[in-house]
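Undergrad: The chain contents come next:
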Amino acid sequence: MSNQQPILQLRGISKSFGFVQAVKNVNWEVYPGEVHALVGDNGAGKSTLIKMICGALLPDSGEILVKGANARIAEPVDAFRLGIAPVYQDLALVEGRDVVMNMFLGDELTHGPFNLFLDHKRMAIETQRVLDEIHSRIPNVREYVRRLSGGQRQAVAVGRALIRGGEVIIMDEPTAALGVEQTREVLNLIETLRSRGKTVIFISHNILQVLQVTNRISVMFHGEMVGTRKTSETNEDEIVGMIVGTKRDVLAAQE
Amino acid sequence: MANSDTLEYRNRRTDDAQRLLRLALDNWLYAATILLCIFFAFRAPNFLTVDNVINTLVSSSITGIVTAGFTIVLLTGTIDASTSGITALASVLCAVMFQQWGVPLPLTLLLLMVASILMGLVSSFLIIEGRIYSLIATLGSSGVFLGLSVGLAAGQQIAITKPELQNALFERPLGIPVSIWVLFLCYLLGYVMLNHTRLGAHIYATGSNYSAARLSGIPVKRVIRIALIIAATTTSLAAVLATARANLSLLYGVTIGGVNLADVFTAALLGGISLRGGVGKIERNLVAVLFLSILSNGLQLMGTAPAVWLVIKGLAFVGAVIIDAVRQRL
Amino acid sequence: MLRTQPQPLVRPTNTPLPRAVLKFLLNNGLLIALVIEIAIFATASPEIFLSTGNLFTVLRISATTGITVAFYTIALIAGQIDLSTAQVGAVTAVIFAWMFAILEWPLELSFVLAMAFAALLGLINSWLVIRVKIPSLIATLALGTLCYGLAISVIQSNSTTGLIRLNRPPLRDIINTEIVGIPATVILMFAVYTIIYILLNHTRLGAHLYALGGNPQAARLNGIQDKRLVRFALMFTAMSAGFTAIMIAGRGLSAGAATPVGGVLGGPLVAAIFSGVGLSGGSGRIERTLIGVIFLAVLTSGMSILNVSPFARSMIEGLAFVFAILIDSVRQRIETR
Chain A
357 MSNQQPILQL
367 RGISKSFGFV
377 QAVKNVNWEV
387 YPGEVHALVG
397 DNGAGKSTLI
407 KMICGALLPD
417 SGEILVKGAN
427 ARIAEPVDAF
437 RLGIAPVYQD
447 LALVEGRDVV
457 MNMFLGDELT
467 HGPFNLFLDH
477 KRMAIETQRV
487 LDEIHSRIPN
497 VREYVRRLSG
507 GQRQAVAVGR
517 ALIRGGEVII
527 MDEPTAALGV
537 EQTREVLNLI
547 ETLRSRGKTV
557 IFISHNILQV
567 LQVTNRISVM
577 FHGEMVGTRK
587 TSETNEDEIV
597 GMIVGTKRDV
607 LAAQE
Chain B
-18 MANSDTLEYR
-8 NRRTDDAQRL
2 LRLALDNWLY
12 AATILLCIFF
22 AFRAPNFLTV
32 DNVINTLVSS
42 SITGIVTAGF
52 TIVLLTGTID
62 ASTSGITALA
72 SVLCAVMFQQ
82 WGVPLPLTLL
92 LLMVASILMG
102 LVSSFLIIEG
112 RIYSLIATLG
122 SSGVFLGLSV
132 GLAAGQQIAI
142 TKPELQNALF
152 ERPLGIPVSI
162 WVLFLCYLLG
172 YVMLNHTRLG
182 AHIYATGSNY
192 SAARLSGIPV
202 KRVIRIALII
212 AATTTSLAAV
222 LATARANLSL
232 LYGVTIGGVN
242 LADVFTAALL
252 GGISLRGGVG
262 KIERNLVAVL
272 FLSILSNGLQ
282 LMGTAPAVWL
292 VIKGLAFVGA
302 VIIDAVRQRL
Chain C
14 MLRTQPQPLV
24 RPTNTPLPRA
34 VLKFLLNNGL
44 LIALVIEIAI
54 FATASPEIFL
64 STGNLFTVLR
74 ISATTGITVA
84 FYTIALIAGQ
94 IDLSTAQVGA
104 VTAVIFAWMF
114 AILEWPLELS
124 FVLAMAFAAL
134 LGLINSWLVI
144 RVKIPSLIAT
154 LALGTLCYGL
164 AISVIQSNST
174 TGLIRLNRPP
184 LRDIINTEIV
194 GIPATVILMF
204 AVYTIIYILL
214 NHTRLGAHLY
224 ALGGNPQAAR
234 LNGIQDKRLV
244 RFALMFTAMS
254 AGFTAIMIAG
264 RGLSAGAATP
274 VGGVLGGPLV
284 AAIFSGVGLS
294 GGSGRIERTL
304 IGVIFLAVLT
314 SGMSILNVSP
324 FARSMIEGLA
334 FVFAILIDSV
344 RQRIETR
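Protein chains in written order, with this note's numbering: chain A, 357 to 611; chain B, -18 to 311; chain C, 14 to 350.
So here's chain A without its partners, still in its complex pose:
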């Protein structure tokens, strides 16, 4: 996998808030078609790093390359345009609107003179197509989001990422607030995305889930990227050790 060109590459990314350096000189590669976990303790800098990739924050220094080309991501829209589609932890859904309008939130399809009018029909068809593609069980695309279950909402948010042309889907703690059944739905969803050739960045606290669905695992500690392991070549102990920082020095010596 490493001889491929990375779909997303970070070089020397740093970010501080006041005196706190949240992200320190991070280099990181994500390859196309893989499910890549980003793990670390609370405050390790995962969220900050992800926000910089999604355009919600600007890095202080360093560069982000998408498919080998230098990218400037200043706004969430810039990230969408580059095929990076975040699925936020709170999912950023409008509960009082239906599934279709949430899928196309901010990027609605139009038709008619001067493209003035919404194309409700085509949006509904597209929504259904994408939901079918990810094997989602939402019976009615005109249902209000507030009536959907947690797993269904996750599907809507992921569906939106796909409709936006997302190549790299970033899932921020998608299972954190879900029950057993719904968690399984989300893990299946990740599996489906991989089978469609999408790249998934999976942020999680749950090591077992990470070991179950990912190809590779990267660990952050105190704002630094301490290392990346192939899932098939590592185990729970090693990852936990990296998260709490005990294996840090060993790793530094290796790299």
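If you're looking for bench data, these hints aren't it; they were derived computationally from the structure.
Just so you know, these numbers come straight off a predicted model, no measurement behind them.
Don't take every hint at face value.
Keeping only pairs whose Cα atoms sit at most 30 Å apart, straight-line, the calculated DSS-like set for lysine-lysine is [as the list claims (entries may be wrong)]:
id: 1; chain 1: C; residue 1: 240; chain 2: C; residue 2: 146
id: 2; chain 1: C; residue 1: 146; chain 2: B; residue 2: 262
id: 3; chain 1: B; residue 1: 202; chain 2: B; residue 2: 143
id: 4; chain 1: A; residue 1: 477; chain 2: C; residue 2: 240
Just so you have them, the derived chain C footprint on chain A, three or more residues with Cβ under 8 Å [unchecked claim]:
id: 5; region: 413 to 419
id: 6; region: 458 to 466
C-beta atoms are modelled at their ideal positions from N, C-alpha and C, and glycine is treated no differently.
Following the hints, put chains B and C in place on chain A, whose structure we already have.
TA: Frame of chain A; chains B and C shown alone:
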């Protein structure tokens, strides 16, 4: 609307400039009040006479008393817009009971307090049981109170010919008019209640984080209910004072009872009560009320047109709101 | 409703019949109430209430408040509460009257300048909301106080009666123009509601307004231009308030600071809430607003035909409002269940 910058981390550097700014924002009102007094002492004739000082205090008493209760409600994170309805109903009730039914004055006042409690309960029922956003719920209850007052007074202003009410107002225990006593008493009680009782602690807790307060066993609904009853009571009290002064019942739309929601808001915001609840000090409100009163009085003495005062009041409100917003971002 | 799924696998909510009925009643309660209301007034006073003259009276009352309420609905959907409409209207009408009646400027010029002034006030409101980040409720209350002061200043420096007379000829005729027997203001109102209906339901702008009101953060993260939308909503609310106030002033031939629009339920906020537009943003339907406006107009005209005492009238209005907000709160609770 939800917080607009949840995703942008704010730079929380507490350097000296910012500390200074915060100090200025917290205390500018005291400085401004003193500077205003100095300015008017030189420029406005008769500003520093005993009569005028008492006048200023008396004229600030009505808005001041209403603001005290309003502040307590605001501290719980609730907005009470029923001021005009309560003022009208309390005034009309006072006139009807005292003048037309011949109820003795102490009993009239007692019954008015009972009526205030009922009015507070109506608003709190809509907010708590109806789960309606406080501003709208109180707008609704205000409408009902206004309707009742118009009906009770049969669309008329009731003139009060029995002298006891006004005489009571014109008493001067220790040489100080009754309304000033009431004003200071309200703030004293409010101060003690907010700072030295469990209820006060609960009011601040409810306002600053409703769900956390609820989860830690604070009876948040009861706190809000009590706050609304307190506000209804102080508003009624102010209405009685206004009625006594005019010897006429106030009638909404004919004579605005000297209390208006915007005035109360301005005073509360100038005094640093945050609109989001849980932040603010009641004693500062007293200073804000005095500040506005002094400004109005001084301009009057200097002979400026009343309309100028209205514009300045509007500017003060806008300014207070902007200051509140700036302080919240620090 | 459009269902592209051929056969639903599981029905999302297995609604039992009584609840379905309840939901229907809650969703169409206002329309049902309107029918009942008309039936009551029609039986009480068939010959006057059901006359064509009264129909036009009702429509004219609706048109007077209705245009502002329509734009107000947009603002509420976008999550903005504007408490300055009465005062913005007053100051706009007063400034219009000053230019038109005292400076004797041409009607068109006075009108355009007055509307531009109203737009400016809306811009200031949106500046306070967007840049200074003050909740719209408070920002507009503050600006409203200022506008009231301005209106009084202009009046007092030009008149001793508290009103500026507006008896230059062309104005009233224009306001009272009829097109094929229907008052122009009524046609204008229906046009406004039609356009806003299309705007809210069939354009991106409408979708974005709903999204912004429903979840501002989600809207922003998905690239919706929130600031532009807030500016749009508050500017048009202010302009419609100014327009309505000029119309009322022109009809009454004078402009004052307390241009009354109606009783307790006069303000557009109350009328919109009455029509079931949620306060928290992101919900509300413009067609329901129209029904609410007409309901209130029927109430006003019916009560004056029946000579209802002012006491009962303000009580009925107040209770109707409280009832409406209670119904709305029940509906919201059922919808979220």
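Undergrad: Next, verify each hint and record whether it holds.
TA: Right, here's what the structure says about each hint:
1. 240/C / 146/C: holds (11 Å)
2. 146/C / 262/B: Within the cut-off at roughly 23 Å; holds.
3. 202/B / 143/B: Not satisfied, since the Cα-Cα distance of roughly 42 Å exceeds 30 Å.
4. 477/A / 240/C: Given that 30 Å is the threshold and the Cα spacing comes to 29 Å, the pair holds.
5. 413 to 419: With 0 residues close enough to chain C, the hint is violated.
6. 458 to 466: holds (count 6)
Hint compliance for this structure: hints 3, 5 are not met, and every other hint is.
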